[in-house]
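A.B. asks: Below, each chain spelled out in residue letters.
2 protein chains.
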Amino acid sequence: GKLFVGYNVGMKWFFAFLIGIGKLLLLESYIRINISVENFAGWKFSLTFNIIQKSYLAGCLIYILINLALVFSSVYIITQFAPAAAGSGIPEIKGYLNGIDIPGILLLRTLIGKIFGSIGSVGGGLALGKEGPLVHTGTCIASLLGQGGSTKYHISSRWLQGFKSDRDRHNLVTCGCAAGVAAAFRAPVGGVLFALEEVTSWWRSQLMWRVFFTSAIVAVVVCAAMEGCKSGNCGHFGLGGFIIWDISGGQEDYSFEELLPMAVIGVIGGLLGALFNQLTIYVTRWRRNYLHKKGNRVKFYCSKEKEYNDLATIFFNTQDDAIRNLFSAKTIHEFSAQSLLAFVVMFYTLAVITFGTAVPAGQFVPGIMIGSTYGRLVGIFTSLTFLFAYHTISLLTCSTIWCICRYALLGAASFLGVSVQMTVSLCVIMVEITNNLKLLPLIMLVLLISKAVGDAFNEGLYEEQARLCGIPLLESRPKYEMRKMTAKEACGNQKVIDHTRNGETLVIGLMLRSHLLVLLQSKIDFQYSPLPCDPRGGSQRIGHNFSEFAKPVSSKGISINDIHLSSDDLEMYIDLAPFLNPSPYVVLEDMSLTKVYNIFRQLGLRHIFVVPRGSRVIGVITRKDLLIEEETDSTTMELQSTSVRF
Amino acid sequence: GKLFVGYNVGMKWFFAFLIGIGKLLLLESYIRINISVENFAGWKFSLTFNIIQKSYLAGCLIYILINLALVFSSVYIITQFAPAAAGSGIPEIKGYLNGIDIPGILLLRTLIGKIFGSIGSVGGGLALGKEGPLVHTGTCIASLLGQGGSTKYHISSRWLQGFKSDRDRHNLVTCGCAAGVAAAFRAPVGGVLFALEEVTSWWRSQLMWRVFFTSAIVAVVVCAAMEGCKSGNCGHFGLGGFIIWDISGGQEDYSFEELLPMAVIGVIGGLLGALFNQLTIYVTRWRRNYLHKKGNRVKFYCSKEKEYNDLATIFFNTQDDAIRNLFSAKTIHEFSAQSLLAFVVMFYTLAVITFGTAVPAGQFVPGIMIGSTYGRLVGIFTSLTFLFAYHTISLLTCSTIWCICRYALLGAASFLGVSVQMTVSLCVIMVEITNNLKLLPLIMLVLLISKAVGDAFNEGLYEEQARLCGIPLLESRPKYEMRKMTAKEACGNQKVIDHTRNGETLVIGLMLRSHLLVLLQSKIDFQYSPLPCDPRGGSQRIGHNFSEFAKPVSSKGISINDIHLSSDDLEMYIDLAPFLNPSPYVVLEDMSLTKVYNIFRQLGLRHIFVVPRGSRVIGVITRKDLLIEEETDSTTMELQSTSVRF
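Protein sequence lines, in the order shown, are assigned to chains W and Y.
Residue numbering for the first sequence is 219 to 864, as defined by this note's numbering.
Residue numbering for the second sequence is 219 to 864, as defined by this note's numbering.
By construction, these hints were calculated from the structure, which means they are not laboratory data.
Treat the hints loosely; a few may be bogus.
For identical chains, the list gives no copy identity; a pair is met inside one copy or between any two copies.
[Said to hold, decoys possible] Calculated lysine to aspartate or glutamate pairs in the EDC-like style (CA-CA distance at most 20 Å, straight line):
1) Lys741 - Asp786
2) Lys842 - Glu682
3) Lys842 - Glu807
4) Lys842 - Asp319
5) Lys813 - Asp386
6) Lys842 - Glu681
7) Lys702 - Asp808
8) Lys741 - Asp793
9) Lys702 - Glu807
10) Lys741 - Asp787
Here the structure is a predicted model, which is why all the values come from computation and not from measurement.
Sequences and hints are given; from them, build the entire structure.
C.D. replies: Right under this line is the structure:
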C-alpha cells in the first residue's frame, strides 16, 4: 500500500544519507591512503638521502628495494586476494551501470584489496593515481551498504536488505560513484556530473536529486573532517582547505594573440591523448598475447623505475606536490624546458607501461601531470616567441609568470579531455580543484579542440579498456550499419523455445535465469499435471518469499551445475505463471536497429522481445492519458490558446 | 549513403556553431536591453530628481508617468503583437522539449516582441527579471536558424532547411536554451546543466557534447565582446569582467555554530518559496476567473508601483546594482534591518502580483533579490545573537561583515531552489555568477533543506505555471495511482478505427495528422480502387517530396477546415503505406502504467500502441546482438574472468 511505498522511499533517502555518511569510512580510507603514501614517501626519501651521503650506489639500491617491496606487496594483494581490484575500476563500474552484470567488482574483498593495493602502488612511486581506485571504493561501499554488509563473510544485517532489485542497486551504485568523485577531488558538483556523464547511460531526474543529496552530504562531511584535521595530524589532508590545488587570483587578462598557442595546446593534447590511448591498447594486447596468455592479469614490474625516480627526485615528493608545483607560479625558475621535456617523455612512457598492470591504478593524476608538463612547455615557448617578436616581454599581457601556469592548467585539461573522454564534468572538476573560474572559457575552448582532434583517432581510455575486457558496453552512438538493419535481423541468433500447442510462439512473460534456478533448486513447486494449479494466477501462493530470489550482489549465485534433478523430477512440471514478469518490453520487427539501440541505452535494458508487424492492437496511449488529475477543477482551466496536438 | 550522413552530421555541428555565433545577435539584444534599461533608468532618475527639487508632487507624478508609459508600451507590444511572448517563456520551452507542440512560442514575431517587451517591462521598474526572456530569445534564435529564417515573412533561405524533423529541431532548441543561459548569466557550464536538468526529460550523450560545444562558443564570444566593450560604450555590460557579481575572497572560515542559522535560512527559503508558488497560483487563477474570463492574457497595471519605487529609490538604480549591493560587504551600514524587512515584504508582494501579467517576466533576478534580502536579515540577527551571547563580536569567526553577505548568497540560493526547482544547475550558476567556490558546500546544504521543505507543499513555479497553461507536462515522478494501472486501462478513451476486413485491429503503422492533411490537400494520391497501386510499398512514388511534409515551426500548419473535398473525392481511396511509419513504439497490455510513463519520458514519445499479451514473438534481442564488431580479432580477446550474464 501507500504506507509501504512511503517506507520504501524513506528507506531510499536514508540510504542516500547513509552513503554520504559511509563516505566517512571512505574518507577514513582516503586519509589513510594519503597518510600512508606520504609517510612512506617521507621515510623513503629521508632514508635514501641519508645513505646517499655515504654511498651513492647503496642509496640507489635501497631506494629501488623499498619501491619494489611496496609494488610487490600491492601486486601480491591483487593477484592472490582480489583480482577484481586491479586497474582503475571505472571501466567496470561504467559497464555495471550500463546494464551489464560483472561479477566480483563490488565485493568486500575487492574493497579491501583496492585500499591496500592503492597504498602499495602509489607509495611505490608508480606512474599512476589514486583517484580512480577511490571512486571504485565509493561504489563498493554503496553496494555493500545496500545489501546490508557482506553475505560471504556473514556480517550482513537483516533490516538493511530491503534493496535487492537491480534498479535500487543501480541507483545506490550511482550515488556511491558520485560520492567517490566528490570525496577524491573535493568536487561535489563535479561528482554529480561525473556520475551523469561518464557512468550512467540512462538517468532519471529523481536519481539526480538523490545523487545531489549524497554529494552534498559528502561535501559537508569533508568540510567537517577538514575542520577536525586542522590540528595537523592528518598529514597533507587538512592543507589547502577545500580546494586541492588552489591557483586562483592574478590571472585576469589574456590577449587574443594567446588564443593561437592555446589552440596549439588543444591540438597537442588531442594528439598525445589519442596516442596514449592507442599505445595502452597495444601494450595491453601485447602483454596479453605474449606475457600471459591465460587470464588477464599480468605480473609486471616496472623495470625502468630506477630512471624514473632518478629524475623524479629532482622534482617532487608525491604527485600532489608535483602538480602543485607545476600549477604554481612561484617555481618558474626551477623548471627549465629541458627537464620538463625529459620529464614528460619519461612519465608518458612509464604511464603507458604501467597501465593495465595488476595494481589499482587511476589515470586522472598521471593525466594531469603529463598535460600540465607539456602545457608549461608550450607556455615557455610562447613567452619566448613573444619575447623575440616584440623585443620586450613587458609589452604583453602574457608578461607575468602567471601566463605559464595558466598554460599548465590548459594542458592538463586538454590531455584529460581526450584520454578519459569527459567534457562538462571535467570542466567542473578542473574548476573545483583549482578554484579558478575565470579560465573556464579557455578550458572549454581547449577541450573542444583537443576532443575534436582526439575523436578522429580513437575512443576514450575507459571505453577501449572496457572493450578489451570484453564488457559489452553500449556506446553513446549506435553503429552506422544499424541504420539499415531491422530488429528482426538482429534477433536471428536466439531461439525462443516457448512454443504453445499450436506451434506458434507467443509472448507470455519474461523470467530471469537466476529465478528459474531458484525454483528448480527448491523443487517445492513441482507438480504432476501440466495445467496451472491455480487458474487465477496464484497470488496466494506462499511457497516462496522474495528474499529467496534476491540475487547476492555480483557474486555468481546458483549455477546450473549445482542443481541435481532426479529422473523423476525431470518428468514434473512447474507452473511459471506466478513468477513471470508479464510485461516485458517489446518492439515491432520493422523497427530500425538504431532505434532499438537507443531504447536499450535509455531504458537500460538487457533484453527485448521482437513481435511481428501485423499484431493486433488494443489502443493508443497519448500524453493526455498519462495526466491523471487529482483536482477536477484544473480541467476547466485549460486555455484555448494552447492546444495540444498529437 | 554514408556521404549523406556525414553531410548531415557536419551540418548539425555547423548549426551548433551557428547558434553559438547567433548568440552574437542575442548578445546584441542583451546589450541593447541592458543599455536601454540603464539609459531609461538614468534619464528617469535624473529627471525625477531635477523636478523633485522644485516640486515633490510633480516629480512623483512624472516618475509614475514615465514608468506607466514604459509598462504600457510593453503591454501593448505583448497583447497586440506577440501574445506568446508574455511571461518568462521557460515553462513553454520546458513543455516543448518535454515533447509537446505548443504553437507560436518559437516565431520571429515572438522573438521581437520578447526583446522590446523586456526593455519596457524591466525599464519600467516592475518586479521582474530579464534572464528568463533571454533564454526564450535564445531558443527562438536557434529555432529560426534551424528552419532557415521565418517562413511567414518570406525571409527564409533554402539551404538552411535541412532540419525539419522533430528531433533535429528539439536538439537545436536545447542548444539554444543552454546558449541563452550561458549568455544571460555568463555561466557556460550552468547553461549546459540548465538545459539538462530543467528542460529536457530525455537526453542523449551525443546531445550533451553538442550543447557543450554551443556553450563554449558562447563563452568565447562573450569574452570577445567584453574585450570589445572595454572602451565603455556598452553601458554596464563590460563591467565586472566575466563574473557578474564577483564576491570572491575574504570568506574563508565559518564555524559550526553558524550551521544552525544557515539551516534556518534553508527552512525560511523553503517556506517563502512554497508560499510564493502557491500565491502565484492563486493570483493567476483569480485573475483568470474574475478579471479576464476569456483567454489567458490580462492587462494588469501594478497599482502599487508608486509605493514600490518610493522605497526602491532609496536603495537602488537597477536590479543588477541592487544585487551587487546586497551581496557586497562594503555597504553594511546602508542596510538597516527595518528597511530590509520593509523591502522584502514589498518586493515579495509585488513579485507575486506582477507574475503572470502580459509582459516578458523573468523570475530569476527577483528570486535572487528576495532571497538575498531575507538572507541578509538572518545574517544581521545571527551576528546580533552572537554579540549578545558572547558579549563581544570579535570572538566569533562570523566577526567580519563578510559573514552577512555570505548569508545573502545562501538566502538567494535557498529561495531560488524552491521557486524554480533547480539543484545542480543552480549550484553551478550561483558559483559561476559569484566566483566563490568555497561556499559551494554551504549552498548545497541550504538547497537540500529548503528544497525538502518546499517539496512538502508544492512543485516548482515552472511546473505549476505549465499546468495552469494546460501544457501536459510529464513530471519526473509518475503518480502513485499508476502503479496499479495497466497500459490497457489507460488507453480506454481512444478508438483505433483502422479495422481490417476480418474485424481485427492490426498494427500497420503510424501517421501524423499533419502528414495526412498534406495528402488530403494535395489530392494527387487519390485512386479509385482500394488496393495498393504498388504492391511493393511504392518507393518510386515521386508525387511528393519531403519538404511538403515538413511542418513549419510552431505555426498552426494546415487545419482540417482548410481542406475542401468534393463528394467525388470522398469516394476515393488513398494508399497510405508509403507514408506510414512502419515501426511505432508498442507496449504489452499488462505493463504497469508507471513503466509506460517512464518510457514516454525517457524516449520523449507522444503516443504508444498497446498490443495484447498473447502476441506472437519472433525473437529476443540482447546486448550481444547490438555489439556489431568491426574487427574480428576482438572477439578472440574476450576474457574468462568477465562473463556476461543475461
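A.B. asks: Which of the stated hints cannot be reconciled with the structure, identified by number in ascending sequence?
C.D. replies: none
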